[in-house]
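Q: Hints are included, so try docking the two chains, each in its own frame, into the full complex.
These protein sequence lines are chains X and E, in that order. Residues 1 to 168, numbered by the numbering used here, are exactly what the first sequence covers, in order. Residues 169 to 384, numbered by the numbering used here, are exactly what the second sequence covers, in order.
Some hints could be false.
[Unchecked claim] Pairwise CB distance ranges (calculated): (1) E:214 to X:166: 44 to 54 Å; (2) X:117 to E:258: 43 to 53 Å; (3) X:146 to E:345: 13 to 23 Å; (4) X:116 to E:198: 15 to 25 Å; (5) X:78 to E:291: 42 to 52 Å; (6) X:113 to E:279: 25 to 35 Å; (7) E:251 to X:89: 39 to 49 Å; (8) X:87 to E:248: 29 to 39 Å; (9) E:233 to X:87: 22 to 32 Å.
[Claimed, not checked] Simulated coverage check for chain E against chain X, where a stretch passes if three residues somewhere in it have a Cβ under 8 Å from a Cβ of chain X: (10) 201-210; (11) 221-232; (12) 237-248; (13) 311-322; (14) 343-353.
[Said to hold, decoys possible] Computed list of chain E residues with no C-beta within reach of chain X, every gap over 10 Å: (15) 198; (16) 255; (17) 287.
No wet-lab data here; the hints were simulated from the structure. A quick note: this is a predicted structure, and the numbers were derived from the prediction, not measured. Beta carbons: idealized from backbone N, C-alpha and C, even for Gly.
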Amino acid sequence: MTDRDPLLDRVIAELKQPVAVDPAARRRLLDAALAGSRRRPAAALLRRLAPVAVAAAAGIALVVLAGPGAERERGERWTMPVRFALAAPAARGVALVGDFNDWDPDATPLEPVGAGDEWAVTVRLRPGRHAYAFVVDGTQWVPDPTAPLAPDDGFGVPSSVIFIPERM
Amino acid sequence: MRWTAVALCALLLAAAPLHGQDRRLDGRLDAETRRAVLALVDSARAAGLPTEPLIQKALEGESKGADGARIIAAVRALLDRLHAARAALGRTAGDAELVAGAAALYVGVTADRLERLRNTNSGAPLTLALVALADLVQRGVPPDTAATAIEALARARSGEAEYRMLRALVDQDIRSGAAPAAAALERARRITGSRSPVIPPDEPSGAESSASGGVR
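So here's chain E without its partners, still in its complex pose (with noise of 0.2 Å):
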């Protein structure tokens, strides 16, 4: 038994100096910046967050010419938002459906949206509905639109078929000069086979009108 914990000891030991490093980083970060970013990396680590995502805006805040602060603070916002999305996903929440959450939180979408649609969703991926999402409202979509329109096909059990059809449709519609928002609630009432429109719940039914008719 000594000679089994001098061993683990000792292994732990030698491990443990592994955790600060990344040799990733290593020719592409200055000393200062790998050290900040390596901290926030064991800080996720800590937390039981995914650290592969805070490596990676790292290193592409480097290839994207991004100066040291710059990518620090790249690095914080996005563990920051990690932290965030695992409050609204819920501690079983992957790492791709948390870091898709991460994208949402950033471009707008509440918590309360986050959480919303991680109950209605059944079947497809979260991941999927999450990345539409945060798509939509890169797309000038207002993030509460947007998420009603996704939580629409999220109820109806849609596939990755359906979500790009919606992004497909939306961005068409934009081009043609609709309104982002009634082009979106418009596009996943025919998507989803809908009767009746997708209206948000917290908007008057009075904002059907412009729904509807804003499609070419």
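Bound-form chain X, shown alone (with noise of 0.2 Å):
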């Protein structure tokens, strides 16, 4: 036997009495374990619901990814700026088109920069291949300058040609 602080030995006997529990905490634990028990019916049946669910999400699923636009959606990265720049000097307004806006000249419309010489908007763009034109005061299509040329085809009017890699 080793001689041991006799503080030390108090501390010890007092460390394996068991811990008195407030009754009323006592009670609450006990609830709570039923409650846990209780709540099983409802796992089970959840449990026999879930195939019905798994097909509900993957309908669900089916629709987003087989309705319009879905190559849109499925096609969310990330983006970047591109700004787009025409010096058309006399124009009143110059808009851009191209198959990141649906074609629609109404809406990407581009700012006068400075004097007024130059016309320019920034717009965000997925990777890809892109095709665009400028429409200067609503009725003549520009090609950008500055770009490669897209093919016309067929529609008698030119349009230019971006590229936006995966990685910049």
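A: And the structure:
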């Protein structure tokens, strides 16, 4: 036997005593435990309904992916700001049209820059090949003189191409 | 299981009609044109081809004032070229590559040259090369010569800057009076740092003199 400090012996003895629990706290613990067991039927019901829920989720996903604009939804990736500019000193208005705004002349107007010789707008584009053009004064279609040409597919009006790589 | 099957069937039936729709075409195309375009879109979807370029082609035509017959013809032609582009570029080609390949086919590049370019390309995105290729042809460079110039850049693992430089310099040379073919080959040679001229494999070596002398 080793000689131990009597104080240390008293501390050990105290720690060995069972912890006194407040009766109210004990009741709350018991209630909580019982409530957990009472929830089991609900959990079982959920398990039975799970296939239906999964089927519903699959159906919703199907509608989202197969419906209109599905490619657009799947293609949601990072976008890159691109500044489009055109020198058109005599123009009253310039719009940007392309496959990123459904070729809508009202969607993306350019703003005059400085003295108004140049018109510009910045749009965010997803990676990929984009065809576009400028529409001056609502009637005159102008390809971007600084960009590669897009083939004219028989519409008689030229367009330009910009390519946004996946990583820049 | 029975409930699962019923739920799936109901949802599939509900989803099916959406295939033949795209609200973006409503109000932009007349009913007959819209029907024809959507049939082509469905055909593309069934073939596993991208459908968005077809929708955009139709919207582009409408925006440019084309009539319904022209729009349908353009969309149908694009679908045919997407098929051909995939045959040339392979089933792993991405949407942008297929559209760029279709554009190159439209301007007269052969499927064989597309396939060669795909096999040559190593490094930069193939779309970049295809866009540059179609651009050169539209500036007057013969398709085979343009393909040779672009293949040279692709072999040299060129990036966006090199392709942009090629386009700008060839355009400048043409405006200055150079022959488009000569300008393309000589500029490709200079950009890639090649000591020997870039010569189309099926052309006689005598073509090199005109290639090197055409650029100012």
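Q: Now tell me, hint by hint, if it's right for this structure.
A: Here is what the structure says about each hint:
no., hint, in the structure
1, E:214 to X:166: 44 to 54 Å, "violated (27 Å)"
2, X:117 to E:258: 43 to 53 Å, "holds (47 Å)"
3, X:146 to E:345: 13 to 23 Å, "holds (22 Å)"
4, X:116 to E:198: 15 to 25 Å, "violated (39 Å)"
5, X:78 to E:291: 42 to 52 Å, "violated (21 Å)"
6, X:113 to E:279: 25 to 35 Å, "violated (44 Å)"
7, E:251 to X:89: 39 to 49 Å, "holds (45 Å)"
8, X:87 to E:248: 29 to 39 Å, "holds (38 Å)"
9, E:233 to X:87: 22 to 32 Å, "holds (25 Å)"
10, 201-210, "violated (count 0)"
11, 221-232, "holds (count 9)"
12, 237-248, "holds (count 5)"
13, 311-322, "violated (count 0)"
14, 343-353, "violated (count 0)"
15, 198, "holds (17 Å)"
16, 255, "holds (19 Å)"
17, 287, "holds (20 Å)"
Checked against the numbered hints given earlier, the structure breaks hints 1, 4, 5, 6, 10, 13 and 14 and satisfies all the rest.
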